[in-house]
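Student: When you get a sec, could you build the whole thing from the sequences and use the hints?
Protein chains in written order, with our numbering: chain V, 1 to 252; chain Z, 1 to 303.
These are computed hints drawn from the structure, not numbers from a lab. As the structure is a computational prediction, the values presented were derived from the model and not from experiment. Don't take every hint at face value.
No farther apart than 20 Å at their CA atoms in a straight line, the calculated lysine to aspartate or glutamate pairs in the DMTMM-like style are these [said to hold, decoys possible]:
| # | chain 1 | residue 1 | chain 2 | residue 2 |
| --- | --- | --- | --- | --- |
| 1 | V | Lys41 | Z | Asp79 |
| 2 | V | Lys238 | Z | Asp120 |
| 3 | V | Lys238 | Z | Asp271 |
| 4 | Z | Lys7 | Z | Asp120 |
| 5 | V | Lys41 | Z | Asp32 |
| 6 | Z | Lys203 | V | Asp230 |
| 7 | Z | Lys76 | V | Asp230 |
| 8 | V | Lys238 | Z | Glu29 |
| 9 | Z | Lys14 | Z | Glu296 |
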Amino acid sequence: MVVADNNLVGPSATLLTLQYPGELPDMVAGQFAELQVPSHKVLLRRPISIHSVDRTNNLVEFLIQIVGEGTKSLADVKAGDSVNVLLPLGNGFNYRSTHVAKPLLIGGGVGVAPLLFLGQEFADHGIRPTFLFGGRTRELILRQEEFLKYGDLFMTTEDGSAGEKGFVTNHSLLMDSEAFDRIYACGPTPMLKAVARWAREHEIACEVSLEHRMACGIGACLCCVEDTADQGNVCVCKEGPVFEIDRLKWFN
Amino acid sequence: MVQLNTKIGSLELKNPVMTASGTFGYGTEYADFMDISRLGAIIVKGTTLNPRQGNPYPRMAETPSGMLNAVGLQNKGVDYFVDHIYPEIEKIQTNIIVNVSGSCIDDYVQTAGIINTLDDIPAIELNISCPNVKQGGMAFGVNPESAAQVVAAVRKVYDKTLIVKLSPNVTDITEIARAVEGAGADSVSLINTMLGMAIDAEKRKPILSTITGGMSGPAVKPVALRMVWQTAKAVKIPVIGLGGICSATDAIEFLLAGASAVQIGTANFIDPSISEKVIDGIADYLERHGFSSIQEIIGALQV
Numbered sequence: 001m002v003v004a005d006n007n008l009v010g011p012s013a014t015l016l017t018l019q020y021p022g023e024l025p026d027m028v029a030g031q032f033a034e035l036q037v038p039s040h041k042v043l044l045r046r047p048i049s050i051h052s053v054d055r056t057n058n059l060v061e062f063l064i065q066i067v068g069e070g071t072k073s074l075a076d077v078k079a080g081d082s083v084n085v086l087l088p089l090g091n092g093f094n095y096r097s098t099h100v101a102k103p104l105l106i107g108g109g110v111g112v113a114p115l116l117f118l119g120q121e122f123a124d125h126g127i128r129p130t131f132l133f134g135g136r137t138r139e140l141i142l143r144q145e146e147f148l149k150y151g152d153l154f155m156t157t158e159d160g161s162a163g164e165k166g167f168v169t170n171h172s173l174l175m176d177s178e179a180f181d182r183i184y185a186c187g188p189t190p191m192l193k194a195v196a197r198w199a200r201e202h203e204i205a206c207e208v209s210l211e212h213r214m215a216c217g218i219g220a221c222l223c224c225v226e227d228t229a230d231q232g233n234v235c236v237c238k239e240g241p242v243f244e245i246d247r248l249k250w251f252n
Numbered sequence: 001m002v003q004l005n006t007k008i009g010s011l012e013l014k015n016p017v018m019t020a021s022g023t024f025g026y027g028t029e030y031a032d033f034m035d036i037s038r039l040g041a042i043i044v045k046g047t048t049l050n051p052r053q054g055n056p057y058p059r060m061a062e063t064p065s066g067m068l069n070a071v072g073l074q075n076k077g078v079d080y081f082v083d084h085i086y087p088e089i090e091k092i093q094t095n096i097i098v099n100v101s102g103s104c105i106d107d108y109v110q111t112a113g114i115i116n117t118l119d120d121i122p123a124i125e126l127n128i129s130c131p132n133v134k135q136g137g138m139a140f141g142v143n144p145e146s147a148a149q150v151v152a153a154v155r156k157v158y159d160k161t162l163i164v165k166l167s168p169n170v171t172d173i174t175e176i177a178r179a180v181e182g183a184g185a186d187s188v189s190l191i192n193t194m195l196g197m198a199i200d201a202e203k204r205k206p207i208l209s210t211i212t213g214g215m216s217g218p219a220v221k222p223v224a225l226r227m228v229w230q231t232a233k234a235v236k237i238p239v240i241g242l243g244g245i246c247s248a249t250d251a252i253e254f255l256l257a258g259a260s261a262v263q264i265g266t267a268n269f270i271d272p273s274i275s276e277k278v279i280d281g282i283a284d285y286l287e288r289h290g291f292s293s294i295q296e297i298i299g300a301l302q303v
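Tutor: Have a look at this one:
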């Protein structure tokens, strides 16, 4: 795919927009792509979730946290460069075949990335989602204006610089557990576990998107496994990255 | 038109390019990216007598020009393979080879015996070199006596092409190769992964759940080439070369060093259609140098 745009957003993330010369395949929010890294210092592709899709112009956006050599190299690509991409990979969030009226989308840090695409998909079907995002500071809650186009945005920060001070699971929004009928979450594992625990206590359906170290991205190498109640170790890349929390062995 | 076909024992390959066990699933995972029937052979994921859950996550660490894995032979066992996977893959128009692993000789023998009954599996690759399981695996492959014992036992129950995959984690790989040749192996494939380790200095912890793991990728290629070259001179049976092959040129280097065929492993993770490109690239090389057959470059290193 060809780089249409690549801009830093926030202190340590980049928004990479790629254009496909033909019609994009069908994609489900929560699916991801494997991006080949231009730097020769890096061998493996980087798995990156799909941040948003523009079908009119065949554009796909990726919100990428710059953490190491690979993501730094992806942040350095310029408009006109090409990036080899495998997509769409994995199974996305469950919203097409499930009736959801009041979705709550919870994101932590760069984990907000797939929730924009999910918010767009809900908005396309006349549903206004609620976003609840957590970050260490205000600057680390990325793309706030963009999310506001599709739903209501609530925030928590660890330093209190935006929204309520604390973690997402302490937000006053969650005082009314009847307000939501399904939770979709993506972010650091401790946050996902806290969200899953809250959802379970309040008997709200909940799915989480996991971020494991991957090599192939297509279920061949068996590196990115998560232990499940029904099938033991399964590949996050192929069976996930999104899992219903009841499948995970997080509560025993 | 150049001749790419080659032979491993009685096994006919339409070209020398195979995919390495554990890097290509059961082949079908890659069908979206390439015509998998073009391959000389597909070596499917390591199969054991009983199901194995493998090692806990994390199982992978990227290293300079390579990666470490510690999957630990996760698979659903040979019976599941026979009942559920074999029917899905038996009609793929290439050789499907099963990689067989075990933690004691009897495991290897029973598993090989079951695979022997499958008409469309013309060969097995006996894995006596997996570094990621506590019992067995590599333990057999680092000692010529135990390597010969397990091969001889499997030879009694397995009458098709028997390839033995060797560990590089030894002082002299040719000694092991000669031992398994003497015990009835039809071919040796080398190298399996090299035992390595990665540390997260910030957390002061190992990256892999198993602390150590198997290293693969371009970083191991020089070691693999050297071992293939030494082994090809030491044994009469055909040698299959693998270790860091990422291009047709890499593959040709192994053929020149004496390999009769090659396997592509880690490179499948970076470019899922790489093996097709390697096949085409070998054909181009032969034409460009005026060779009519792959046989003309096997072991043709000028020293």
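Student: Each hint should be assessed against the structure and marked as holding or not.
Tutor: Okay, the hints, checked on the actual structure:
1. V:Lys41 with Z:Asp79: Roughly 42 Å between the alpha carbons, so the hint for Lys41 of chain V and Asp79 of chain Z is violated.
2. V:Lys238 with Z:Asp120: Measuring from Cα to Cα gives roughly 27 Å; hence the hint is violated.
3. V:Lys238 with Z:Asp271: The hint holds at about 17 Å.
4. Z:Lys7 with Z:Asp120: holds (17 Å)
5. V:Lys41 with Z:Asp32: Violated: Lys41 of chain V and Asp32 of chain Z sit about 28 Å apart, past 20 Å.
6. Z:Lys203 with V:Asp230: violated (32 Å)
7. Z:Lys76 with V:Asp230: holds (14 Å)
8. V:Lys238 with Z:Glu29: Between Lys238 of chain V and Glu29 of chain Z the Cα gap is close to 10 Å, so the pair holds against 20 Å.
9. Z:Lys14 with Z:Glu296: OK: Lys14 of chain Z and Glu296 of chain Z at ~16 Å, within 20 Å.
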